[in-house]
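**Q** Going down the list, the sequences are from chains A and B.
So for the first sequence, the UniProt record's numbering puts the first residue at 1; every next one is plus one.
So for the second sequence, the UniProt record's numbering puts the first residue at 1; every next one is plus one.
Calculated directly from the structure, the hints in this document are not laboratory data.
Misleading hints may appear alongside valid ones.
You can't tell identical chains apart in this list, so a pair holds if it fits in one copy or across any two.
[What the hints assert, rightly or not] In silico DSSO-like pairs for lysine-lysine, Cα to Cα no more than 30 Å straight-line:
1) K36 <-> K166
2) K13 <-> K170
3) K13 <-> K43
4) K170 <-> K36
5) K170 <-> K205
6) K111 <-> K43
7) K166 <-> K43
8) K111 <-> K141
9) K205 <-> K43
10) K13 <-> K205
11) K36 <-> K13
12) K43 <-> K61
13) K205 <-> K111
14) K170 <-> K141
15) K141 <-> K205
2 protein chains.
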Amino acid sequence: MPNQHKIPQATAKRLPLYYRFLNNLHIQGKDRVSSKELSLAMKVDSATIRRDFSYFGALGKKGYGYNVDYLLGFFRKTLDQDENTPVVLIGVGNLGTAFLNYNFTKNNNTKIEVAFDADPIKVGTEIRNVNVHHIDELEEKIGDIQVAILTVPVSEAQSMADRLVKAGIKGILNFTPARITVPDNVRVHHIDLSVELQSLVYFMKHYPLEIEEK
Amino acid sequence: MPNQHKIPQATAKRLPLYYRFLNNLHIQGKDRVSSKELSLAMKVDSATIRRDFSYFGALGKKGYGYNVDYLLGFFRKTLDQDENTPVVLIGVGNLGTAFLNYNFTKNNNTKIEVAFDADPIKVGTEIRNVNVHHIDELEEKIGDIQVAILTVPVSEAQSMADRLVKAGIKGILNFTPARITVPDNVRVHHIDLSVELQSLVYFMKHYPLEIEEK
Chain A
1 MPNQHKIPQA TAKRLPLYYR FLNNLHIQGK DRVSSKELSL AMKVDSATIR
51 RDFSYFGALG KKGYGYNVDY LLGFFRKTLD QDENTPVVLI GVGNLGTAFL
101 NYNFTKNNNT KIEVAFDADP IKVGTEIRNV NVHHIDELEE KIGDIQVAIL
151 TVPVSEAQSM ADRLVKAGIK GILNFTPARI TVPDNVRVHH IDLSVELQSL
201 VYFMKHYPLE IEEK
Chain B
1 MPNQHKIPQA TAKRLPLYYR FLNNLHIQGK DRVSSKELSL AMKVDSATIR
51 RDFSYFGALG KKGYGYNVDY LLGFFRKTLD QDENTPVVLI GVGNLGTAFL
101 NYNFTKNNNT KIEVAFDADP IKVGTEIRNV NVHHIDELEE KIGDIQVAIL
151 TVPVSEAQSM ADRLVKAGIK GILNFTPARI TVPDNVRVHH IDLSVELQSL
201 VYFMKHYPLE IEEK
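Go ahead and model the full structure; you've got the sequences and the hints to work with.
**A** Okay, structure coming up:
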């Protein structure tokens, strides 16, 4: 396997998407695919796809394209699809509930195992087979889970992040508007709904005819 | 103003974030800021910030930094902050409701004006001053809104996108797992919760000590 630290982050961000599309092709019984077909289906330009694939040592053949099974095996190994990643959900509001209703296991092996909230009405309930515990029980019930989805009110974001880090969390998907500060060995990905909307509006106005670089 | 079509998309994606931070500094009464301070607050490395700012013709002075008011005026103009952008929400499930509860107007001028759903229990209700209409009334009630947030079931995503485009929508923030196909003059930004989670896990494993390029 090539040294993955040489893969640009922009390429790495597309990996889960490639995996999902190739898996769909595999399920449909297709054994090969061209970069053009992938481009149309994924809305990523085909030059980008070819460059990305070359980082993984996968070279398409003219008039044949890429071998689906080979690529799928490669991505599965790269993305550790054979390994289950348990996830904890912090905050069972509307956004948190949307996550619980979202069938993560359909396309990949990440799964919310347990959820926490401070609201007595939610504590003790079960949503899609996931138990909602009181946030006071976090340290006791988090086990060795290393990934957290943070959907708490913005005022709680930093203190909750501090607590998650102390409890052993190594990655946080932050859906609050707060930029949180964590130690260097903890990874935070931040999705701010307001920023995403504003960004769309900006791109509509300034890049109306270009496809998204994503 | 410099030609904005020369700004790389990666830089453009950071614009709303810059705007928000500079606005906070302005509210706090600060009149200057260094790229290092911005870097710490925004979790973007300072070389990237300096390069981004140079695209806008803003050059920091050694020992002084950047002038907050100048930058803020520039970003406000660039992001059209003086202009209100009305938004339509399609699908008032948990995720849609989270959007309605999210106070978009706090940091920018995008605002959900109207929402649509097919569920008779939701139709006719009002959430945070936004009326929920039946989806059958879309064409009648959408007015000249050009931006849509799509939070419908995946099976409805493409047909709803087609309908939105016919109704005059020019930008879609797609929160369904479906990659939707639209004409070239319509912009789609896609946020797939499952892909975001998988991406975080991948980066945790392979880039544990690098900061996010975002």
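**Q** The structure should be examined with respect to each hint, and the outcome stated for every one.
**A** These are the hints, each one checked on the structure:
1. K36 <-> K166: Cα proximity of K36 and K166: across copies only (27 Å, versus 47 Å in one copy).
2. K13 <-> K170: Close inside one copy (18 Å) and across copies (26 Å); limit 30 Å.
3. K13 <-> K43: both (14 Å within a copy, 18 Å between copies)
4. K170 <-> K36: Between copies only: 25 Å across chains, 37 Å inside a chain, cut-off 30 Å.
5. K170 <-> K205: between (38 Å within a copy, 10 Å between copies)
6. K111 <-> K43: Intra 27 Å, inter 27 Å, cutoff 30 Å: intra and inter.
7. K166 <-> K43: Intra 40 Å, inter 20 Å, cutoff 30 Å: inter-copy only.
8. K111 <-> K141: within (16 Å within a copy, 39 Å between copies)
9. K205 <-> K43: both (20 Å within a copy, 27 Å between copies)
10. K13 <-> K205: Answer is both; intra-copy 25 Å and inter-copy 13 Å each pass.
11. K36 <-> K13: both (20 Å within a copy, 26 Å between copies)
12. K43 <-> K61: within (22 Å within a copy, 41 Å between copies)
13. K205 <-> K111: Between copies only: 17 Å across chains, 38 Å inside a chain, cut-off 30 Å.
14. K170 <-> K141: within (16 Å within a copy, 46 Å between copies)
15. K141 <-> K205: between (48 Å within a copy, 23 Å between copies)
The structure meets every hint from the earlier list without exception.
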